[in-house]
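J.: Given two chains presented individually in distinct reference frames, assemble the corresponding complex, making use of the accompanying hints.
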Amino acid sequence: MEPALIIKKLSLRIGEDAILSDVDLTLQQGEITGLAGRSGSGKSMTALAIMALAPQRAEIFGEVLLNGENLLEKSQAEWREIRGSRIGMVFQEPMTALNPLQTIGAQVAEVILIHSDASKKQALKRADQTLRRVGLDPNEISSDRYPHELSGGQRQRVVIAIAIAMNPEILICDEPTTALDVTTQAEILDLLRRLSRDDGIAVLLITHDLAVISQMADRIAIIKNGHIVEQATPEAFFQGGHNGAAQDLIAAPLKRPNKPPGNGEQARAIIEARIVICAYHQRGQSIFSSRAPFHAVDGVSLNIRKGENIGLVGASGCGKSTLARALLGLQPVASGEIRIDGASFPAVEKSAMRAARRKIQIVFQDPYSSFNPRHKVGKIIAEPFHLFDQPPIEAKQRNRISGVLQSVGLDPSDAGKYPHEFSGGQRQRIAIARALITDPEIIVLDEATSALDITARNRILALLQSLSEKRGVSFLFITHDLGVIRDIADRTLVMKSGRIVEEGATKDIFENPRHPYTKMLIAAAPVMKWAATPQGGASDTPRDHVD
Amino acid sequence: MSVRATTPENWFSRSPGLIAGIGVTSLFVFAALVSLIWTPYDVMALDISGRFTPPGAAHWMGTNHLGRDVASMIMSGARISILVALFAVGIGMIIGVPIGLASAAMPGLADDVIMRGSDLVFAFPALILAILITAVFGPGAVNAIIAIGIFNIPVFARLARGAALPIWKKGYVLSARTAGKSSAEISFEHILPNISHLLIVQGTIQFSLGILAEAGLSYVGLGAQPPLPSWGRMLAESQTMISFAPWLALFPGLAIFIFVLGLNLLGDGLRRRLDPHNERAA
Chain A
1 MEPALIIKKL SLRIGEDAIL SDVDLTLQQG EITGLAGRSG SGKSMTALAI
51 MALAPQRAEI FGEVLLNGEN LLEKSQAEWR EIRGSRIGMV FQEPMTALNP
101 LQTIGAQVAE VILIHSDASK KQALKRADQT LRRVGLDPNE ISSDRYPHEL
151 SGGQRQRVVI AIAIAMNPEI LICDEPTTAL DVTTQAEILD LLRRLSRDDG
201 IAVLLITHDL AVISQMADRI AIIKNGHIVE QATPEAFFQG GHNGAAQDLI
251 AAPLKRPNKP PGNGEQARAI IEARIVICAY HQRGQSIFSS RAPFHAVDGV
301 SLNIRKGENI GLVGASGCGK STLARALLGL QPVASGEIRI DGASFPAVEK
351 SAMRAARRKI QIVFQDPYSS FNPRHKVGKI IAEPFHLFDQ PPIEAKQRNR
401 ISGVLQSVGL DPSDAGKYPH EFSGGQRQRI AIARALITDP EIIVLDEATS
451 ALDITARNRI LALLQSLSEK RGVSFLFITH DLGVIRDIAD RTLVMKSGRI
501 VEEGATKDIF ENPRHPYTKM LIAAAPVMKW AATPQGGASD TPRDHVD
Chain B
1001 MSVRATTPEN WFSRSPGLIA GIGVTSLFVF AALVSLIWTP YDVMALDISG
1051 RFTPPGAAHW MGTNHLGRDV ASMIMSGARI SILVALFAVG IGMIIGVPIG
1101 LASAAMPGLA DDVIMRGSDL VFAFPALILA ILITAVFGPG AVNAIIAIGI
1151 FNIPVFARLA RGAALPIWKK GYVLSARTAG KSSAEISFEH ILPNISHLLI
1201 VQGTIQFSLG ILAEAGLSYV GLGAQPPLPS WGRMLAESQT MISFAPWLAL
1251 FPGLAIFIFV LGLNLLGDGL RRRLDPHNER AA
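First to last, the protein sequences are chains A and B. The numbering of the first sequence is our numbering, which starts it at 1 and goes up by one. The numbering of the second sequence is our numbering, which starts it at 1001 and goes up by one.
The shape of chain B in the complex, shown without the other chains (with noise of 0.2 Å):
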């Protein structure tokens, strides 16, 4: 008889792309937390005399044409990227979680108004608009803020509408309403908490995806503005150079690739750890 024993697997063998990503994740928010008390140079000091200096013991990553400190630039990047991408993620949740549920609530006129809605927002790629809105309403980490946010407000409301909507027909949403509850009421009682692990999925995808559009936006120079680093500017700025500074595109581009790569891998452990449907069968 063919024994199919299974060793009890522990926890780490199991999900390591989630362990990665959370790895990951943390090094980056690490270095953008330092990077406010301490980074290795002055972040906006210049040294002409020091410039395009190769990675080395004294500067681990090089320096620019203007002699500043790559590693520190990527540093204070970091938090940059963090703070426009968290922002917008935040304004795609706050302002669209509430209308995906109402949505979900209000079946009929209001939710195919709401859904076209959306799906007019979603007609028009998403790196082109915003930068249709930094180009009107100016450059800089505000306005890329904004312009990120909008269009995770869709993402946002379509996932909450559709996740909202097999809920209403469960029973404990039936008895909260012969119970005379308002559907304002059980849909932040009942259904939100119900869904809360789609959104913080969907945050932590949107949000990678928020770190790429502000390294888009300042690639064109529409994101935060000099002498403020930025990972996508720093790859702007490189690209003359690439020849006899490669290291100066390098730094830039890695770190955004492993940031995405990180958030990506931490999105997709914890999609694959909070929704029961993927458990092994048990």
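If we strip away everything but chain A, and leave its shape as in the complex, we get (with noise of 0.2 Å):
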């Protein structure tokens, strides 16, 4: 069959820097070429070349070949008749991809009017029908909503639409589903096969989600510092042959130590929550009526013990960071009763609630934003001293920071660089050593990993369970990321609308979920379709799934 796109010795270079170097990619027509690699391994780059939508300073070499059309000699005039009409573009984040000011109807349609003679009237009937291609039935969801009445995946949905409107030969995807939770993505890759195999688009899908690649692709490419690395089938990629390319892009299981369970009963517990209510009040809907205020945490209870890593698992949106929040007396509790280490928390004592403090620390997702850019490391990781009555000063100071850093991988001298030196991985350790400066007895891990990419991700879970080990501190993982608690919790507790549905040792929880809510997030979460055989890392503890 005639490959619908061939790319050939594609070059990319941004001043000295090259982005891209001599990429080899065919796309079939109704096949899936799934593309991955590490943030920054050029695999975004790759997208936006072929799309002429590179930066204005690249510099672009090689062949992109659509019908034996050189795509790379378009004028821009050109390109908008591609754009859009034979290529299409999927992007990772649906809300800011959409015009918050325009129906979806209408934001489909423009493209059907750019691209082809159709009256508006007509434009809309097609939208329409190309929304309900996408899953989007316009009796249930009007065509004239906004995307801010939507959710994640429903404009995912109406991005795909636009892309595909004007039937393209080719759909590019770029981390379509990162931005969604586990069960829209599973609905979300399941639209893009349909529409590869169905319609005979070839897609392209970037990811940096191996497993994803797994269940969907039809072909592999790895990417690595601007190169294209291995090239293959599935079958032939995953039961062994890879040559390692792939090995940073797996998520390496961790060692489990083998802790007899139920050590903890006899431990004291660090957090006790009893039936902890937090409410947003709403804007009433007129002034006579006051609607019921949103109870964003709805009667959670939970214990945590000394020296347990407990796993909080939830779509976004279910209340797990408002919960974290109240726990760590950042969020007003409506009613119900936290206590901290056996003491009441908040604490109306102004020392008490210092002392209640430093024994529970968080760190935050976002490693970009957990830090002022105004102050140098040593300043950030000194903060939490505030809650000392008699803080360490001078050398003692220096000291503890110099420990800190030590203990998460860095070193003493970092103290003195500004964040924006550090890479995201580096970050998240600079946000656990600030947390471990108190000393504390928990930390709250707020998807503190699911920005990083799986390398980093593996090597900050692998400190995490060595700092569980060494300093008996205890971790709450909040996150959307099965994987994570598969890997380090001994107890999770799986969230829905407020409320904690299914609580359990982790194992029994994964292996015999009972709740329905649970055993969907289990199914729906992308698992190796075969099992990766990492070299020399084979481990006791498989990674397959229990399905």
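The set of hints was computed from the structure by calculation and includes no laboratory data. This one's a predicted model, so the numbers in the text were calculated from it and none came from an experiment. All C-beta atoms, glycine included, are put in the ideal place defined by N, C-alpha and C. Each hint should be verified, as a subset may be incorrect.
[Said to hold, decoys possible] With the Cβ distance kept under 7 Å, some of the chain B side facing chain A (calculated, not the full set):
no., residue
1, G1171
2, Y1172
3, R1177
4, G1180
5, K1181
6, H1190
7, P1193
[Unchecked claim] If you want the ones that stay clear, here's a sample from chain A, every Cβ over 10 Å from chain B, calculated:
no., residue
8, A18
9, R132
10, E149
11, T183
12, H208
13, Q397
14, S407
15, K507
16, E511
17, M528
[What the hints assert, rightly or not] Simulated crosslink set (DSS-like; lysine-lysine; CA at most 30 Å straight-line):
no., chain 1, residue 1, chain 2, residue 2
18, A, K396, B, K1181
19, A, K74, A, K8
20, B, K1181, A, K350
21, A, K379, B, K1169
22, A, K359, A, K376
23, A, K417, B, K1169
T.: Written as structure tokens, this is what we have:
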């Protein structure tokens, strides 16, 4: 069969930096080509180069052939004909890819109006058909809704509808499901598979998630530092043969220490929460009726004992972050009771409050907004010293800072640098160091690894595990990533709509989920279709899935 | 293959407006400073016999109806304008920024009260209220400073509040809260340094508005009082003589126009340079 798109020796340079070097890639009609790589490997730049959307300063060489025509020689005017009509593109973040001021129907119709002679009425009609094709039935979800009225998954469907409205030959999807939670991710992947099989669209699926690729792709390419280092069918790729190029994309299973279950029973409780409710006020529909407050956390009780690692899992919007903030005293509690190490929290008395706060610290998701960009790392890490009545000063303080920096795998000299000098993974280490400085009993990690690529994630998880063993500190992992929970949590809580729907030992939850929601979450999580055999990393805890 | 290479542009060609703004502003500030120790003629000296001398080698910008040297008056007038505008911006920042920060730190009633209060001040046309204040408390440079300064308070309060609100949601503010820091400590340690670039830019723009407001007040006779030279009054006095001594209107008018333009270019250039959102995609 004639290939839909042939990329030959595509190179891209920005100034002195070679971003892409001799990338060769062929997209076949009706096939999904998976392009996987770490962040910064050049996978997104490949997509932008194909679409001629690379930054102005970039110099591009090579050929991108669509039906024998080299797209790189097209003028901007010719490109406007091609983009949206012959090549569609789906972006990672559906909210920013849509215009918040236009209805979804109008946004799909716009593409049709630009690329065909259709009248406005015809275009809107075709927009409705296209929305139906991506699973948004206009009878249920009217096409005159606005993006903010839709869920993340529905928005991504609209983005896909815009991309396929003109029946393009090629669909480029750059991390299309990374911003979505697992259940929605499964649906969107299903849709992409259907579009490729049924409509014969050649799909280029760009992702860092090898599990997604293993389930979706008919052909796999691995990109590293701008080079395609491996290209194969999934069977050949995963069943041996691969030369370790994908090593740093595979979530290496952590060696779990064999903690005897039930050991936690005797340990004292660090956090006890009883029937905690956190409410948000909602604007009333009229001045006469005020709507009932929305309970983001709706009667949650939990117990975390010393040295125990807990996973709290749920889809976005389930209230898990609100719960975390309530446990840290950052969010008022409408009713219920929280005790930190036996003492009521938030405490009325200032010194008692500070004592409680020393015991519980937090690491946030976004390593880029976690630090004041104008402070040096040493000052950032020293901030929690504020909680001490007599904080260590000068040499003593410097020693403490050096100590925590070393224990998170950084160099003491890093204290004199600014946060922007560090990578995402290193920044999360700084955040962990800041949390460790008060010698807390428990650290809450709010999606602390979800902004990191696989390698950085693995290293952070290994670090946390060793800290947990060495220092006896507990962790509360709040995440939508089941992999993190499975790797590191002793006990797992599943949260949905503000309530804990299931609770138990992590192993039991994964092997015998009871609540239908838990079952759905576990079933939806993408799992390696073929058992990957990382070289030299054969582990006693196989990562195969339970299903 | 089309190669869209861009040569590394130098700083000047990338921000010509900023350079022009810096140049014009420093020129006026320099003239004002020089006027402290030297002006072409004694700015207070009257020379009735030499009145209405057109611009020439002896008097670069001519003389007025009392024979005072216009160039000297422009130089000292710059000093008055800059002082009034500077103090007025200072009042606005010193009072307005803490109000805005407090407003952002205390959502709810306090925030509402503060912001509605600033709406109230905003509701009056700035110059009219300044005229009211100086009319009540008497004309003069000090009252002009106070009148213009009051107008700058809500400007800075709103800006500080608006800029501070998103920063309150950042991770580093949340972790400062878990470190037990008070709202005031967080505002000054974390928020203020991260909004300072906006305040500087707004300060420049308010400064240029201050120059205009001072000229307006002294035009209606409520600014600095004679014999202190002032651009606005020079314009007002020139009105009746414009047909036979047009330079009397031309030079103070040009001074106001060029200085305000320069300050706006400076403010705009600073905004482009300091705001990371305006950086070209790297």
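J.: Hint by hint, say whether it matches the structure.
T.: Taking the hints in turn, this is what the structure says about them:
Against a cut-off of 7 Å between C-beta atoms, the interface hint on B:G1171 holds, since the closest Cβ of chain A lies about 4 Å away. With a least beta-carbon distance of about 5 Å to chain A, the hint placing B:Y1172 at the interface is held under the 7 Å criterion. The beta carbon of B:R1177 comes within 6 Å of a beta carbon in chain A, closer than 7 Å, and the hint placing it at the interface holds. Taken as an interface hint, B:G1180 checks out: its beta carbon lies about 5 Å from the nearest beta carbon of chain A, inside 7 Å.
Below 7 Å, beta-carbon pairs count as interface contacts, and B:K1181 has one with chain A at about 6 Å; its hint therefore holds. Annotation: interface hint on B:H1190 holds; nearest CB of chain A at approximately 5 Å, less than 7 Å. With its C-beta approaching chain A no nearer than about 5 Å, B:P1193 sits inside the 7 Å limit, and its interface hint holds. Once the 10 Å rule is applied to beta carbons, A:A18 is consistent with being away from chain B; the minimum gap is 14 Å.
For A:R132, the shortest C-beta to C-beta distance to chain B comes to about 36 Å, beyond the 10 Å cut-off, and the non-interface label holds. For A:E149, the non-interface assignment is confirmed: its Cβ lies about 23 Å from the closest Cβ of chain B, beyond the 10 Å cut-off. The Cβ of A:T183 sits about 27 Å from the closest Cβ of chain B, beyond the 10 Å cut-off, so the non-interface label holds. Non-interface status of A:H208 relative to chain B is upheld: no Cβ of that chain comes within 10 Å, the nearest being about 22 Å off.
No Cβ of chain B approaches the Cβ of A:Q397 within 10 Å, the least distance being about 14 Å, so the stated non-interface status holds. At roughly 18 Å, the least C-beta separation between A:S407 and chain B is larger than 10 Å, which holds for a residue marked as non-interface. The Cβ of A:K507 lies farther than 10 Å from every Cβ of chain B, with a closest approach of about 32 Å, so its non-interface assignment holds. For A:E511, the non-interface assignment is confirmed: its Cβ lies about 35 Å from the closest Cβ of chain B, beyond the 10 Å cut-off.
Interface exclusion of A:M528 from chain B stands, the closest Cβ pair being 32 Å apart, more than 10 Å. The straight-line distance between the Cα atoms of A:K396 and B:K1181 is roughly 22 Å, inside the 30 Å bound, and the hint therefore holds. Pair hint A:K74 plus A:K8 holds up; C-alpha atoms about 16 Å apart against a cutoff of 30 Å. A hinted pair counts as satisfied when its Cα atoms are at most 30 Å apart, and B:K1181 with A:K350 qualifies at roughly 11 Å.
Proposed proximity of A:K379 and B:K1169 is supported: the alpha carbons are some 20 Å apart, at most 30 Å. Taken as a hint, the A:K359 and A:K376 pair is honoured in the structure, with Cα atoms around 24 Å apart against an allowance of 30 Å. A C-alpha spacing of about 24 Å is found between A:K417 and B:K1169, which places the hinted pair at or below 30 Å, so the restraint holds.
Violated hints for the displayed structure: none, as all numbered hints are satisfied.
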